[in-house]
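*Asks:* For the protein sequence lines, the chains are A and B, in the order given.
Okay, so the first sequence: first residue is 5 according to our numbering, each after it adds one.
Okay, so the second sequence: first residue is 7 according to our numbering, each after it adds one.
Where hints are given, some of them may not hold.
To be verified - To give an idea of the chain A side of the interface with chain B (calculated C-beta under 10 Å), a few residues:
1. Ile105
2. Thr108
3. Ala132
4. Leu178
Said to hold, decoys possible - Sample of chain A residues with no beta-carbon within 12 Å of chain B, all distances over it, derived:
5. Gly56
6. Leu74
7. Thr97
8. Gln149
9. Gly169
10. Arg173
11. Asp180
Unchecked claim - Below, simulated SDA-like cross-link-like pairs (lysine to any residue); rule was C-alpha separation at most 20 Å, straight line:
12. Lys205(A) - Lys146(B)
13. Lys103(A) - Gly168(B)
14. Lys362(B) - Arg59(B)
15. Lys146(B) - Lys103(A)
16. Lys88(B) - Lys205(A)
17. Lys211(B) - Lys315(B)
18. Lys205(A) - Val82(B)
19. Lys103(A) - Lys362(B)
Calculated from the structure, these hints are not laboratory results.
C-beta atoms are modelled at their ideal positions from N, C-alpha and C, and glycine is treated no differently.
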Amino acid sequence: MNPPTYRNLALMAGAVATAFLAGCANQGVRNPSGVPVTEMKADERGFVAGTGIESQDLVTVTDKMARSILGIPEITNAKTTPRVVLEPIMNETRFPINKDIFLTRIRTQLNSKAAGRVRFLARENMRALEREQQLKQDGLVTASQDPNVVQFRGADYFLTGKLQGMSARTSQGLSDYILYSFQLIDAATSEIVWEDSAEIKKQGLEDAAYR
Amino acid sequence: MSHVRSLVRWSSLAGALTLALLTTAQPAFAAKPKKPDKDFILKEYQAASLALRRGDFASAKISLDSAITAIGGIVVDEAGAKKARSLWSDESAKLFIGEPYERVMAFYYRGILYWMDGEADNARACFRSAQFIDADVENKAYASDYVTLDYLDGLATAKLGGDGKDAYERAAKLTSAPLPALDAAGNTLVFVEFGQGPLKVAEGKNKELLKVVPGVSPITGAVVKLGDQAIPLAVLDDVNFQATTRGGRVMDHVLGNKAVFKESTGTVGDVALAGAATSLRLGGSSDLSAGLAIGGVLFKGASMLTKTKADTRAWDTLPGRVGFISVKLAPGEHAATVEFIDETGKPVVSRPVVIKVAAEQPDTVIFVSDRAS
Numbered sequence: 005m006n007p008p009t010y011r012n013l014a015l016m017a018g019a020v021a022t023a024f025l026a027g028c029a030n031q032g033v034r035n036p037s038g039v040p041v042t043e044m045k046a047d048e049r050g051f052v053a054g055t056g057i058e059s060q061d062l063v064t065v066t067d068k069m070a071r072s073i074l075g076i077p078e079i080t081n082a083k084t085t086p087r088v089v090l091e092p093i094m095n096e097t098r099f100p101i102n103k104d105i106f107l108t109r110i111r112t113q114l115n116s117k118a119a120g121r122v123r124f125l126a127r128e129n130m131r132a133l134e135r136e137q138q139l140k141q142d143g144l145v146t147a148s149q150d151p152n153v154v155q156f157r158g159a160d161y162f163l164t165g166k167l168q169g170m171s172a173r174t175s176q177g178l179s180d181y182i183l184y185s186f187q188l189i190d191a192a193t194s195e196i197v198w199e200d201s202a203e204i205k206k207q208g209l210e211d212a213a214y215r
Numbered sequence: 007m008s009h010v011r012s013l014v015r016w017s018s019l020a021g022a023l024t025l026a027l028l029t030t031a032q033p034a035f036a037a038k039p040k041k042p043d044k045d046f047i048l049k050e051y052q053a054a055s056l057a058l059r060r061g062d063f064a065s066a067k068i069s070l071d072s073a074i075t076a077i078g079g080i081v082v083d084e085a086g087a088k089k090a091r092s093l094w095s096d097e098s099a100k101l102f103i104g105e106p107y108e109r110v111m112a113f114y115y116r117g118i119l120y121w122m123d124g125e126a127d128n129a130r131a132c133f134r135s136a137q138f139i140d141a142d143v144e145n146k147a148y149a150s151d152y153v154t155l156d157y158l159d160g161l162a163t164a165k166l167g168g169d170g171k172d173a174y175e176r177a178a179k180l181t182s183a184p185l186p187a188l189d190a191a192g193n194t195l196v197f198v199e200f201g202q203g204p205l206k207v208a209e210g211k212n213k214e215l216l217k218v219v220p221g222v223s224p225i226t227g228a229v230v231k232l233g234d235q236a237i238p239l240a241v242l243d244d245v246n247f248q249a250t251t252r253g254g255r256v257m258d259h260v261l262g263n264k265a266v267f268k269e270s271t272g273t274v275g276d277v278a279l280a281g282a283a284t285s286l287r288l289g290g291s292s293d294l295s296a297g298l299a300i301g302g303v304l305f306k307g308a309s310m311l312t313k314t315k316a317d318t319r320a321w322d323t324l325p326g327r328v329g330f331i332s333v334k335l336a337p338g339e340h341a342a343t344v345e346f347i348d349e350t351g352k353p354v355v356s357r358p359v360v361i362k363v364a365a366e367q368p369d370t371v372i373f374v375s376d377r378a379s
């Protein structure tokens, strides 16, 4: 081959290299695709879309609480079946949630897996229950028991909880720690007869296109 | 024979270059499955604004929940975002979630609606999330500096029986304006908004610079007229100010690099084409002329295909400023007027409202905008 052709090839190769080097638009950006969220110190690991409260957290936390409640002497050694009323939990995190879902799942877990060892009172249905009792007292509907005798049970315990969180955000990513704590309170003495907690920390980094 | 060899050589070279460029450009040209609308969050934002202004709070909740579900997490491995970072797509190829000031407003509005539903703790969660979103700014002096959000965090905490002093003190440090006391006994919360919020434009030679343009409005304040009382609202936050104090983004760096690529390939293309013309004029080697011409065209093509424009999609129905007041009213209906005033105190817009205070409801929440819809 003649020398000018080599020069041309060298020129083109240089030009191609320049184009590709200059084309690295993401150069200097760390983790341009972002870092997937990782769950830390949790019983289960799975794909999560955010650092907030998600379904796998609900399952992990409520399973742990239901197991824990069934192990306490106030439940296992009770002479009569303890009656429990659910009190709304307090959300102190930065994540708006359906708060009732935690207590609902604990209740369903206890009702399905420990039938009879603990009973829950349907206080959220009191208005309907009172209306029904009134209808019975008025003789408008039939009653299998004397409607003038109060049948509604009183609570032996209140089950409630609190969600608290700590969050951090820097250019390196964001992290959220949430402490889920639940209590069983003796309705007669106000003593906290049981308390347990679960904690979950998550962190991640968004795609560079959103940073 | 030598002409044939030369032709084969140049064709191979041009083919290799084209292949290389197409390979790099694959995300732009490859067939893709149907994806969700990349603007759906923006549409939800705008729908929520309009619904709030016409008092359709149920619809506003649906729109905001849809948007917050999408923006509440961390966006990773999003195909649109990858395209936005590539050379061959503008930034607007990505799923729109909005700049921090836009995401903050989505949480702020949702917080108001939670409070309206009697869920002060979820409202507080929204205000905390909003303030958290504002934490990642270049100049830390502007990090988490929404006065209203900290104030409402403190007020919600106080109403829930907690100690709201920390949040209140944070709010007080963020403003030189007088801050209303934390009045947990107040049973009526009036939220107002007025003025034009920020818009976005792309500047720079290659439109790679995102610039926020503050909206303008003659309205500077608001007063609630209730009987013979005129209660000024605490206008604590300026959305335009918040939008312009974020500082640089990582994406600005990406767009800057794309602009450098566009410029450098364009320059190389110009030089190569000029070299080809000069070579032809001076009777130089036909190989050299052809090589320079092909290279020049390819580089110019790469330059032209490079997309550098910053994303100017914006929640354009946002207000310029937001205000708030908490008052204690007796149960029953109260006819009131919210007057939006200019700097001389003259009303520019008046909105009549009926405040219905229920005896058992913890708080009555009113939302009034200077724009009806």
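*Asks:* Now, for every hint given, state plainly whether the structure supports it.
*Replies:* Okay, the hints, checked on the actual structure:
1. Ile105: Violated - the Cβ of isoleucine 105(A) stays beyond 10 Å from chain B, reaching only about 12 Å at its closest.
2. Thr108: Hint on threonine 108(A): violated, closest Cβ of chain B at ~16 Å, above 10 Å.
3. Ala132: With a minimum Cβ separation of about 18 Å from chain B (threshold 10 Å), the hint on alanine 132(A) is violated.
4. Leu178: Where the cut-off is 10 Å and the nearest Cβ of chain B is about 7 Å from leucine 178(A), the hint holds.
5. Gly56: violated (6 Å)
6. Leu74: holds (29 Å)
7. Thr97: violated (6 Å)
8. Gln149: Non-interface label on glutamine 149(A) holds, nearest chain B Cβ at 32 Å vs cutoff 12 Å.
9. Gly169: Violated, because the least Cβ-Cβ distance between glycine 169(A) and chain B comes to about 8 Å, which does not exceed 12 Å.
10. Arg173: The assertion about arginine 173(A) is violated, with a minimum of 4 Å to chain B.
11. Asp180: violated (9 Å)
12. Lys205(A) - Lys146(B): With Cα atoms ~25 Å apart, lysine 205(A) and lysine 146(B) exceed 20 Å; violated.
13. Lys103(A) - Gly168(B): The given pair, whose Cα atoms are some 18 Å apart, holds under the 20 Å limit.
14. Lys362(B) - Arg59(B): holds (18 Å)
15. Lys146(B) - Lys103(A): violated (34 Å)
16. Lys88(B) - Lys205(A): Violated, at about 28 Å.
17. Lys211(B) - Lys315(B): Measuring from Cα to Cα gives roughly 10 Å; hence the hint holds.
18. Lys205(A) - Val82(B): Holds. Lysine 205(A) to valine 82(B) sits at ~18 Å (cutoff 20 Å).
19. Lys103(A) - Lys362(B): violated (27 Å)
Going through the hint list in order, the structure does not satisfy hints 1, 2, 3, 5, 7, 9, 10, 11, 12, 15, 16, 19.
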